[in-house]
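2 protein chains.
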Amino acid sequence: MRIALDAMGSDECPVPDVTGAILAAREFGDTILLVGDKNRINQEIAKHNTKALQLDVIHTNEAIFMTDKPGIVGKSKPTSSMHIGMKLVKDGDADAFVTAGNTGAAMAIATLFTLRRIPGVKRPALSSVIRVSNDRSIVLLDIGANADSKTEWLLQFAVMGKIYAANGLGLTNPRVALLANGEEEEKGNQLIHETHALLKDMDLNFIGNIEPKDMLAGLADVIVCDGFVGNITIKSFEAMGSTLFNLLRSEIKQDPLAMVGGLLAQNAFRRVYRKVDPFEVGGAPLLGVNGVVIIGHGRSNAKAIKNAIRQARLAVNGGLIHAIETGLKNVSQINKESDM
Amino acid sequence: MRIALDAMGSDECPVPDVTGAILAAREFGDTILLVGDKNRINQEIAKHNTKALQLDVIHTNEAIFMTDKPGIVGKSKPTSSMHIGMKLVKDGDADAFVTAGNTGAAMAIATLFTLRRIPGVKRPALSSVIRVSNDRSIVLLDIGANADSKTEWLLQFAVMGKIYAANGLGLTNPRVALLANGEEEEKGNQLIHETHALLKDMDLNFIGNIEPKDMLAGLADVIVCDGFVGNITIKSFEAMGSTLFNLLRSEIKQDPLAMVGGLLAQNAFRRVYRKVDPFEVGGAPLLGVNGVVIIGHGRSNAKAIKNAIRQARLAVNGGLIHAIETGLKNVSQINKESDM
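First to last, the sequence lines map onto chains W and Z. For the first sequence, the working numbering begins at 1 and goes up steadily by one. For the second sequence, the working numbering begins at 1001 and goes up steadily by one.
Hints may contain errors.
Capping the alpha-carbon separation at 27 angstroms, the derived lysine-lysine pairs in BS3-like fashion look like this [stated by the list, open to error]:
#, chain 1, residue 1, chain 2, residue 2
1, Z, 1187, W, 75
2, W, 90, W, 122
3, W, 187, Z, 1122
Keep in mind the hints are simulated off the structure, nothing from the lab. Predicted model, so just to flag it, every value in this text is computed and none were measured.
Given only the sequences and the hints, what does the whole structure look like? Please build it.
This is the structure:
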């Protein structure tokens, strides 16, 4: 498999990006195409033993920053590492593209300039794979691509999310739920009410509304919401998680007895941290664009980049793009028939 | 001061409710009117030394359960402890009402059957007071009363939230923000965009959009959102908090060395827990109804009930209801003038 990686993606690029690529090439045996500034990439590569690894460097002299406006980078930076990396996928020179860069820019460049949408997709969605307490992973989408969403988009998010959970994460008949302010059918806002009514009649293993608590308990596999709610939900999880870890650290530091206790318990702490660490997943796909694109966190370290590459190869091996195209066709077929 | 308490409110009622009332009467010296089943209330009172405390029992033979539908309880249970308790406030026989019962029912009974709205209020909102890491409290609203909200309602939530932060929590010139998926002005959904544009021109110390992370860091005092988003946000905080504490507990239990460490660090743990424990606040008001009504969590313990009563007396002492009426008049005056 050939995976293109945005070497200029993460906040600390190209260090974690190149190191992660090396880890991935070593562990998975794939060819990694490192897209970005060749001097800086080669400088990083030189620090490692990369003999026998399949690493190619594709030079570009432009990179996208976190501060770049998604609405203009497609035109203003036509040879960015994102643009070139996605073009490799579009032209069949790579099987997938992975970036820890500007998410909005990635969505815009994929949708409007390079890969474009899978036929039938109304709006691509940004997904997040979250590890939940019982070591399962769940998919939450949309987490930010569509702040205002329509019912028919949410229905497609449900279909695409379910296919990704099956073909990318290997879950059997994933359970689909709608994120809401209560599990009862009458809970939700108007968008959720309308979507709920339609999802009930679709063959999607829809289990109804779900609250954040049951979501983190792994009671559904695919959780659907609009991009505004999804983004705030994921950021609320992150905010509370880091707040608690920081509070614990600072309280323990102020108390010599607790310091000793903290040292004795540090392996337990580490196991907890690993369970909730988003870098163990690494990234999640832009669902609906016509090619596998995995987006990682800007703060990705090398492990996160390696794991994002793992998500890319799972999606490619699962035939994600073809499955979404077929799945959406079937749904629109059913909808047409039921309209008659 | 005379505070009416729903003795049949909490999940374990009337035990925590009555015990909390006794703690409050002892600490604050107020008269607490315990509304509910007099036999069960007196049975609880008999377990404590209540000499010299001002406790009155107001008997009702109906109570509202968490499973009751808010839409019908106002009519189907006209003598519930909530109904009677709010009527005491309406009739001037109590200064405030506190309940740990069914939130939706409390909102319906307050708005449609007893206290009704403060003149000028379009929609009452449910607020939450959250303690943040630096020991400050912030107000989040709406957290569930209005799943679909309009711009003009959100503007009123901002005004009411700011007044509560000043007159109930004692904050000086509270900073108002909109909960959004990014702090930049262009972030948000359509509702947030429209509200943002109008809030900028109001004299509210509006500081812009805020993300969950900065909210928990205490960078704003009043955070405004629609009831659907607010409810999911608060539930996401709670879900991640309890998930992490449970994970830590279970990992520590499985590891003898960590068990010892956990014991040594237990005071630090307790301090962290206390910092994020919602029971330290106890409850938050229904903002916009014409009387002080404080809603606590269904799982309230006695400490939470006592602290909810504390919130009630702070709001009464701060002249909350009058301040909201005046505040909304001033805003609608300004809006009218700017329309001319």
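A quick look at each hint next to the structure:
1. Straight-line distance between C-alpha atoms of residue 1187(Z) and residue 75(W) comes to about 21 angstroms, which keeps the hinted pair within the 27 angstroms bound.
2. At most 27 angstroms may separate the alpha-carbon atoms for a hinted pair to count; residue 90(W) and residue 122(W) meet this at roughly 19 angstroms.
3. Taking the CA atoms of residue 187(W) and residue 1122(Z), the gap is near 22 angstroms; set against the 27 angstroms cutoff, the hint holds.
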